[in-house]
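**Q** Here are the chains, one letter per residue:
Protein chains: 4
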Amino acid sequence: MRIGVLTGGGDCPGLNAVIRAVVRKGVGVYGHEFVGFRDGWRGPLEGETMPLDIQAVRGILPRGGTILGSSRTNPMKIEGGVEKIKDNLATAGVDALIAIGGEDTLGVAKQLFDRGVSVVGVPKTIDNDLNATDYTFGFDTAVNIAMEAIDRLHTTAESHHRALICEVMGRHAGWIALHAGMAAGANVILIPEKPFDIDRVCAYVESRFKTRYAPIIVVAEGAHPVEGQMALQDGELDAFGHVKLGGIGEMLAKEIEKRTGKEARTTVLGHIQRGGTPTAFDRVLATRFGLRAIDAAHEGEFGTMVALQGTEIVTVGLDEATKELKTVPVSRYAEAEVFFG
Amino acid sequence: MRIGVLTGGGDCPGLNAVIRAVVRKGVGVYGHEFVGFRDGWRGPLEGETMPLDIQAVRGILPRGGTILGSSRTNPMKIEGGVEKIKDNLATAGVDALIAIGGEDTLGVAKQLFDRGVSVVGVPKTIDNDLNATDYTFGFDTAVNIAMEAIDRLHTTAESHHRALICEVMGRHAGWIALHAGMAAGANVILIPEKPFDIDRVCAYVESRFKTRYAPIIVVAEGAHPVEGQMALQDGELDAFGHVKLGGIGEMLAKEIEKRTGKEARTTVLGHIQRGGTPTAFDRVLATRFGLRAIDAAHEGEFGTMVALQGTEIVTVGLDEATKELKTVPVSRYAEAEVFFG
Amino acid sequence: MRIGVLTGGGDCPGLNAVIRAVVRKGVGVYGHEFVGFRDGWRGPLEGETMPLDIQAVRGILPRGGTILGSSRTNPMKIEGGVEKIKDNLATAGVDALIAIGGEDTLGVAKQLFDRGVSVVGVPKTIDNDLNATDYTFGFDTAVNIAMEAIDRLHTTAESHHRALICEVMGRHAGWIALHAGMAAGANVILIPEKPFDIDRVCAYVESRFKTRYAPIIVVAEGAHPVEGQMALQDGELDAFGHVKLGGIGEMLAKEIEKRTGKEARTTVLGHIQRGGTPTAFDRVLATRFGLRAIDAAHEGEFGTMVALQGTEIVTVGLDEATKELKTVPVSRYAEAEVFFG
Amino acid sequence: MRIGVLTGGGDCPGLNAVIRAVVRKGVGVYGHEFVGFRDGWRGPLEGETMPLDIQAVRGILPRGGTILGSSRTNPMKIEGGVEKIKDNLATAGVDALIAIGGEDTLGVAKQLFDRGVSVVGVPKTIDNDLNATDYTFGFDTAVNIAMEAIDRLHTTAESHHRALICEVMGRHAGWIALHAGMAAGANVILIPEKPFDIDRVCAYVESRFKTRYAPIIVVAEGAHPVEGQMALQDGELDAFGHVKLGGIGEMLAKEIEKRTGKEARTTVLGHIQRGGTPTAFDRVLATRFGLRAIDAAHEGEFGTMVALQGTEIVTVGLDEATKELKTVPVSRYAEAEVFFG
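Protein chains in written order, with this note's numbering: chain A, 5 to 345; chain B, 5 to 345; chain C, 5 to 345; chain D, 5 to 345.
Hints listed in this document are in silico derivations from the structure and should not be mistaken for laboratory results. Source: prediction; values computed, not measured. It is possible that some hints are incorrect.
[Unchecked claim] Below, in silico cross-link-like pairs of lysine-lysine (DSS-like), each with a Cα-Cα straight-line distance of 30 Å or less:
#1 C/K81 to A/K262
#2 D/K88 to B/K88
#3 B/K88 to D/K258
#4 D/K258 to B/K258
#5 C/K327 to A/K262
#6 C/K198 to C/K330
#7 D/K81 to B/K258
[Unchecked claim] If you want the footprint, here are the derived chain C segments under chain A, 3+ residues with CB under 8 Å:
#8 58-70
#9 121-134
#10 147-156
We put the beta carbon where it would ideally sit given N, CA and C, even for glycine.
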């Protein structure tokens, strides 16, 4: 077989580990050939390929990013996109495609499969918000980076009697905030799933200051106050009506300063959460995803994606990936609330 | 209620996170009181306690080790041990005990429970070889430490055309070697579950040298050759007939040098794998274990231990912990073998 | 002797290492007694002390922050401040004071010395902008934290064809930006000492994109464009007329997007640069500063501060600390410019 | 000009940073051409070269090892070695050579210079024992790796009432042991410069145990007892009469167990101290060394090597590198002794 591989969507530590595992097992065990498509769906859409053999994947396991490049190009929004992809796959002599990406990338994969393309998916999201799998690679790395940053904030908070806010990724789901905040001993964690009451946040801040320790607040970028509080102005929202990146953390700092009279400072971690070398957890998960994906392609299990269930890697339908967002359940947030204040 | 807490056995990152979660929820949510017993079972045996309140657990979440101390004292091997413990628990006014430890500690907990002591267990092993739980805390930290060390060895191996061996923990189970070796791209991984063929190891070493890259071998301390190879001498074995710590790595280096004519060097990671601050995965798991353990004690679920199944924390019978060792299955080792050579 | 110790100004990794060294040598070698003053000059001003013996400094070497607390209280701006301090030192039976802090703290120390207080200073600034010493502790830690963050940004920048900007500390001097940018291979480094030409910055950005790699820009918070470019508005400046924290990075992103049509994103590292455990360099330097400071106090070398010259720790006049800001010289910036574009 | 570059001797983080800086400035500023010689002096001896242009040095700044490979080949010990090198340099059209290495590599460079070869040296030693420069790159990385390992040992030592020994590099000079031990709060530091009294070491161990804390001993691989103590046997010494690698740490553990009755365990860090990504200090120093070395070659300052003096990079005679070993002076060891016990 000749198999194409592409990576779509945002950066995520572990992408290269998946690619390496696919190629190593595909060539070494099954004797298949591979071709890389550049920059997500742009590659098959425009027919831009790159060599993808054993030599190309040497040494990439520990590296962040993706040697294939990525993009958010959506062929479904392009006139004749599907036909162009089918033509380019045929031209490149590709029998099957392994598509590594998040909701959008896998959504396209599903539609291509429905139109006759042999696709296997590998789920990828820093945010850990895909329903069909216990965890996605990249999440553990992001959580550790955020945790280390919050660990560092603790000493500054304590030495200077100042509230510190750390804004982490998570527009629709609060998994990174929940895990990083729990791991680093945050005094309050705010997530998109549960609109926060600013009065209660300030009460935590003030009670914490009474202990001679200073509060650390971890806030997901998609968190927001309950209706009617901290009214947002037009310039503070993006095209989707969400608070802009770096927005909610800054706003919260201002509001806390205004209401408590205490200094508050915000750090926005931004892209450093999704770059760099993956943790062991993510390298092992990504490698096992890659191994299972090439098995699936080899055995003709198309229209599926790989997933983690307990300690096993399984395949589920590609539509599982996109059916529903996995958000933080009330019970998990309640665990974290034990440590608030 | 008044609840005693103890930690037994070897050091393990996350012990303090368990203790903190138990106390924070026990005091804050349930209104219980706590007392710490020092140095594992030695504490209740000799009646040595320490205060264990909110103040005592402040700031301990990120710290390695255990504020309660530990030991390998086994009260079952001491004349009248059980009675002494029951007396000392009564004297200390303790209604229930939370015992955090490995196979040995939980084995004692089981026997005490059978004789009427109200015990809840929390499983702990760096080695991840307890059957009743998907993972134990400390394991992820150990794997990351070993992975980072192996990452570093890669550059030296490549610059100097020298085989490098990294000996990691794992006397009976090869989980750390498997995960760290897979995460760091080892060329061979040797585990206790599968006696190795030294000829094959040397063949991997030689084929790797032909690529201008140098081989990295990860070996669990309990790995050993197939019967008849590399005959061990008396001084190289410990009281149990195992190769001594730091033994198999050194022996392997000598054997490889002898057989291939290439230089080989060994690093023995030893105790650095079990000390220091836990990873996010271990801090979250340990915290959730602690929360569930105090729930179990509060609700009178004695004779149980907490466990991870998928993403849920559950309770299982204390005897589950000790029934069977969880070793690396053939299928998991086969995943790693794809990358050998 | 009975010696008081205080720490003033912003947080800085290594403060606890200085305190520990002062006390360990002062008690162990010289037999002196110590008392801690809380929260910088607020401590002696209000007579708030804490015990400072061998037990108090145990285990603090690797910890960020300061066990003594800190503040920006300036007794010179308080009516009768000097007299209050002298009274409180007398009440506490203190013969000499070791003041650890930056320009402001040491400026006060100098004035107190001029009015008869026996003071030894220890210089502290994350920013490395004190003229009398080759390096200050905390700087190496900040540079490593920033470098690791920029290392992580590289993979995201490369995978997504997006310009990434990292804003680091340095209001008046660009040392952190220079070292972190040089260490992490930034494509442009902008420092307060050299107003930047936005046209040239954009030219670098565009030429970099042509290589299929994406540009990383490191910008000190105090950097600013040459006169007349990127006119700042009122809300974007703080009370001193400086761009607000998190300001220049954001502004630069907008300007680059506008001028080049490429996406640009900013990460503001903020307080994580000054918290957490110090690097080895900073722990050794801070420890040696502490040892030399207690020697100076013991030998009556008051009115001095300790300093690093080459590999030696020496004492210089307290006024040396405040005479002149050490900014990045043209020759050092020229070294970095070799790698621009 | 056409300039050859080689790296000789043991691995050292920062080698690639030097190579990159040489090539980036050499090509970008001066317009020179470069050729890489493989595996130290073996390259020019056997005429084995590799391309070394801007593309070859892209992305190598953060990577450990050396893209040129290394070896301990000494052309002075090979019949006609010098002539072969001169011939091969002529054949490759090389006008000048930049040799990056330690005492041995620079010693050869000096002899070649004396026989008419245009050489500039860049000093490299993990051990920091070159007299002509304040620091060498690689040392700071090694110290940080060792410090982090010792930090981790602390918690295990404290939880288990066990003496822990960490053996670090340093056959002739104790710089790594001194800095890592001081940075990590070791209770005893043993270096080659000062033969240790085993009775005194055991006294420290026992007094430490009385505090409920456990002792950490950092020992350089070249440390040894005072004459007559702990008599070594033949199998424990290498060809030079030194204790074998991993030898002194193990021996010390046995001796401490025998004399104090307390458990003692050893970790031998070995090659992980010299691999992996360099710290910021080492990346900046290595980069500045590379920049200065190409300046020297460009300006015809042959027979020199670059060196750090204070914060400046200067050139000194190549013979400076090899004249005398820089060992730990008594005054520096005395600083560390303050914290013993």
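**Q** Look at each hint and say if it fits the structure.
**A** So, going through the hints one by one against the coordinates:
1. Of the pairs offered as hints, the one joining C/K81 and A/K262 holds, with about 26 Å between alpha carbons and a cut-off of 30 Å not exceeded.
2. For a cut-off of 30 Å, the pair hint linking D/K88 to B/K88 is broken: about 82 Å separates their Cα positions.
3. Under the criterion of a C-alpha separation no larger than 30 Å, the hint pairing B/K88 with D/K258 is inconsistent with the structure, at around 35 Å.
4. The hinted pair formed by D/K258 and B/K258 meets the criterion: a straight-line CA distance of about 23 Å does not exceed 30 Å.
5. Proximity of C/K327 to A/K262 is assessed by CA-CA distance (about 38 Å); at most 30 Å being required, the pair is judged violated.
6. Annotation: proposed proximity of C/K198 to C/K330 holds, straight-line Cα distance about 14 Å (limit 30 Å).
7. Among the hinted pairs, D/K81 with B/K258 is consistent with the structure: their alpha-carbon atoms are about 28 Å apart, no more than 30 Å.
8. Proximity of the segment 58-70 of chain C to chain A, defined as three or more residues with a beta carbon under 8 Å from a beta carbon of that chain, is established by the 4 residues found.
9. Coverage of a stretch by a chain is defined here by at least three residues with a beta carbon nearer than 8 Å to that chain's beta carbons; for the segment 121-134 of chain C and chain A the count is 0, and the condition is violated.
10. For the segment 147-156 of chain C, the assignment as covered by chain A holds, since 5 residues bring a beta-carbon within under 8 Å of that chain's beta-carbons and 3 suffice.
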